[in-house]
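S.K.: First to last, the protein sequences are chains A and B.
Reading the first sequence from the start, the letters are residues 1 to 197 in the working numbering.
Reading the second sequence from the start, the letters are residues 1 to 197 in the working numbering.
Hints may contain errors.
[Stated by the list, open to error] Reference listing, derived: stretches of chain A covered by chain B, where coverage requires no fewer than 3 residues with Cβ under 8 Å from a Cβ of chain B: (1) 40-54; (2) 64-72; (3) 123-130; (4) 152-160; (5) 167-176.
[Claimed, not checked] Calculated pairs, BS3-like style, for lysine-lysine (alpha carbon to alpha carbon, straight line, at most 27 Å): (6) 57/B - 180/A; (7) 35/B - 195/A; (8) 195/A - 41/B; (9) 196/A - 196/B; (10) 57/A - 35/A; (11) 135/B - 135/A; (12) 196/A - 180/B.
The hints are simulated quantities; they were obtained by calculation from the structure and are not laboratory data.
These numbers were taken from a predicted model, which means no experiment stands behind them.
Glycine residues also receive a C-beta, built at the ideal position from the N, C-alpha and C atoms.
There are 2 protein chains.
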Amino acid sequence: MQHRSEETRAHIINAAYRLFSLNGYEATGVSEICKEAGVSKGAFYHHFPSKQAVFTKLLDLWLQMLDNGFRQVLNETQNIPQAILGMAAMAGTTFQTADVRILIMLEFWTKASRDTSVWQTAIAPYRNYQAYFAKLIQEGIAEGSFRPVDPGAASRCLEALAIGILMQAIFDPQATDWSKETVQSIQFLFDGLLKKE
Amino acid sequence: MQHRSEETRAHIINAAYRLFSLNGYEATGVSEICKEAGVSKGAFYHHFPSKQAVFTKLLDLWLQMLDNGFRQVLNETQNIPQAILGMAAMAGTTFQTADVRILIMLEFWTKASRDTSVWQTAIAPYRNYQAYFAKLIQEGIAEGSFRPVDPGAASRCLEALAIGILMQAIFDPQATDWSKETVQSIQFLFDGLLKKE
Numbered sequence: 001m002q003h004r005s006e007e008t009r010a011h012i013i014n015a016a017y018r019l020f021s022l023n024g025y026e027a028t029g030v031s032e033i034c035k036e037a038g039v040s041k042g043a044f045y046h047h048f049p050s051k052q053a054v055f056t057k058l059l060d061l062w063l064q065m066l067d068n069g070f071r072q073v074l075n076e077t078q079n080i081p082q083a084i085l086g087m088a089a090m091a092g093t094t095f096q097t098a099d100v101r102i103l104i105m106l107e108f109w110t111k112a113s114r115d116t117s118v119w120q121t122a123i124a125p126y127r128n129y130q131a132y133f134a135k136l137i138q139e140g141i142a143e144g145s146f147r148p149v150d151p152g153a154a155s156r157c158l159e160a161l162a163i164g165i166l167m168q169a170i171f172d173p174q175a176t177d178w179s180k181e182t183v184q185s186i187q188f189l190f191d192g193l194l195k196k197e
Numbered sequence: 001m002q003h004r005s006e007e008t009r010a011h012i013i014n015a016a017y018r019l020f021s022l023n024g025y026e027a028t029g030v031s032e033i034c035k036e037a038g039v040s041k042g043a044f045y046h047h048f049p050s051k052q053a054v055f056t057k058l059l060d061l062w063l064q065m066l067d068n069g070f071r072q073v074l075n076e077t078q079n080i081p082q083a084i085l086g087m088a089a090m091a092g093t094t095f096q097t098a099d100v101r102i103l104i105m106l107e108f109w110t111k112a113s114r115d116t117s118v119w120q121t122a123i124a125p126y127r128n129y130q131a132y133f134a135k136l137i138q139e140g141i142a143e144g145s146f147r148p149v150d151p152g153a154a155s156r157c158l159e160a161l162a163i164g165i166l167m168q169a170i171f172d173p174q175a176t177d178w179s180k181e182t183v184q185s186i187q188f189l190f191d192g193l194l195k196k197e
C-alpha cells in the first residue's frame with residue numbers, strides 16, 4: 001500500500017509539472033491535474049491540501065537538485081571564488097536552456113507579489129540562498145580571497161546578478177550564450193570593471 | 001476638437017494605468033477601461049487598436065521619463081562611472097518604492113514569454129538599454145575609466161544587476177534599503193570583490 005501511495009503522489013507531481021509547463025500555473029486547476037494523473041479528487045486531496053502545495057513540492061525537488069550540485073562543486077574546488085564560478089557555470093546551463101521550470105516560477109512569483117498567502121512560499125528559497133551566499137562570501141573573506149566587504153550586501157549583489165541573467169535568458173534567449181555569460185558576469189563582479197591605477 | 005481628442009486619449013491612458021495597477025494587466029478588459037475613463041468603445045478604438053497598444057503607450061511614457069533623467073545625469077557628471085552610479089541612484093529610488101509600474105511590467109513580461117505577438121513590444125526597451133549602456137561602457141573605456149572589457153557583455157552584466165535588484169526589491173522590499181543597495185551593487189561591480197594582490 002505504501003508503495004502504491006508513493007506512486008500516486010509521483011503521478012500527481014508529474015502531471016502538475018506537465019500542465020504547469022504547457023498552460024501555466026494559474027490556468028491549471030486541480031481537476032485537470034487529477035485527469036492528467038489519472039487519479040480521483042479524493043486521492044489528490046489525500047496527498048496535497050491544494051494546487052499550491054503541489055507547486056511547493058515541485059519547487060523543493062528542483063531546489064534540492066540545485067543544492068546537491070552546489071555541494072558537489074564546493075567539495076571539488078580549492079577556494080570560494082572558484083566555487084562560486086563553478087556554481088555559476090552549473091546554474092548557467094539551466095539558464096541557457098530557458099528551462100520551463102523558470103517560467104513557472106516566474107509566474108508564481110508574479111502571483112506572489114499580489115498575494116501574501118503565496119508570498120511566504122515564494123520568498124523562502126530566495127532568502128535561503130541569500131544566507132547561503134553571505135556565508136560563502138564570509139568564508140571567502142576569511143580565506144583571503146575577497147576584500148572585507150559586507151557579506152550580506154555582496155550576497156544580494158550576487159543573487160541580483162543571477163536573477164537578472166535568468167530574466168534576460170528567458171526574455172532574450174538568442175541575444176548571447178547565457179551559459180557563458182553567467183560565468184563572465186560573475187568574473188566581472190570578482191575582478192571589477194574599473195581600470196586599476 | 002484637437003484638444004478634446006487629446007483629453008480623451010489622456011483619460012484612457014490614466015484609466016488603464018489605474019486598473020492595471022489595481023487588478024493587473026491580464027484581468028483588465030477594454031470595457032472596464034472605457035467605463036473607468038468615461039468614454040465609449042468607439043472613442044477607445046479611435047485612439048488605440050487594442051489594450052496592448054495602451055500598455056505600450058504607458059511603457060513609452062515611463063521610459064521617456066527615465067531617459068530624460070539619464071540624459072540629465074550624464075550632463076551633470078564628470079566621467080562615465082560617475083554617470084552610471086548617478087543613473088543607478090536615480091533608478092534605485094523607483095526600485096525602493098516598489099513602484100506599481102514595475103509589477104505591471106513584470107506581468108506583461110511573463111505574458112510575453114508565452115506570447116510572441118507581445119514579445120516584440122516587451123523586448124524593445126530592454127534591447128535599447130543594452131545598446132545604450134554598451135555605448136556608455138565603450139566611452140568609459142575610451143576615457144580610461146574602465147578596463148578594455150567587451151562592452152556588450154559588460155552592458156548585459158550591468159543590466160542583469162539592475163533587473164535582479166528590481167526583482168528583489170519587488171519580492172522582498174523589507175530586506176534592505178534597495179535604493180542604497182542599487183548604488184552599492186554597481187560599486188561592487190566597478191571595484192570588484194576580489195582582494196587586490
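S.K.: Give a verdict on every hint.
M.R.: For each hint, the structure was consulted:
1. By the rule of at least three residues with a Cβ nearer than 8 Å to a Cβ of chain B, the coverage given for the segment 40-54 of chain A is violated, with 0 such residues.
2. For the segment 64-72 of chain A, the assignment as covered by chain B is violated, since 0 residues bring a beta-carbon within under 8 Å of that chain's beta-carbons and 3 are needed.
3. Taking a C-beta to C-beta cut-off of 8 Å, the segment 123-130 of chain A contributes 4 residues in contact with chain B, enough for the three needed, and the coverage statement holds.
4. By the rule of at least three residues with a Cβ nearer than 8 Å to a Cβ of chain B, the coverage given for the segment 152-160 of chain A holds, with 7 such residues.
5. Against chain B, the segment 167-176 of chain A contributes 7 residues with a C-beta closer than 8 Å to a partner C-beta. That satisfies the three-residue criterion, and the hint holds.
6. Taking the CA atoms of residue 57/B and residue 180/A, the gap is near 35 Å; set against the 27 Å cutoff, the hint is violated.
7. For the given pair, residue 35/B sits about 57 Å from residue 195/A by alpha-carbon distance, which is inconsistent with the 27 Å threshold.
8. Between the alpha carbons of residue 195/A and residue 41/B the distance comes to roughly 58 Å, so the proposed pair goes past 27 Å and is violated.
9. For a cut-off of 27 Å, the pair hint linking residue 196/A to residue 196/B stands: about 10 Å separates their Cα positions.
10. Restraint check: the Cα-Cα separation between residue 57/A and residue 35/A comes to about 19 Å, which is no more than 27 Å; the hinted pair holds.
11. Of the pairs offered as hints, the one joining residue 135/B and residue 135/A is violated, with about 36 Å between alpha carbons and a cut-off of 27 Å exceeded.
12. With a CA separation close to 25 Å, the supplied pair residue 196/A and residue 180/B stays within the 27 Å bound.
Comparing the model with each numbered hint stated earlier shows that hints 1, 2, 6, 7, 8 and 11 do not hold.
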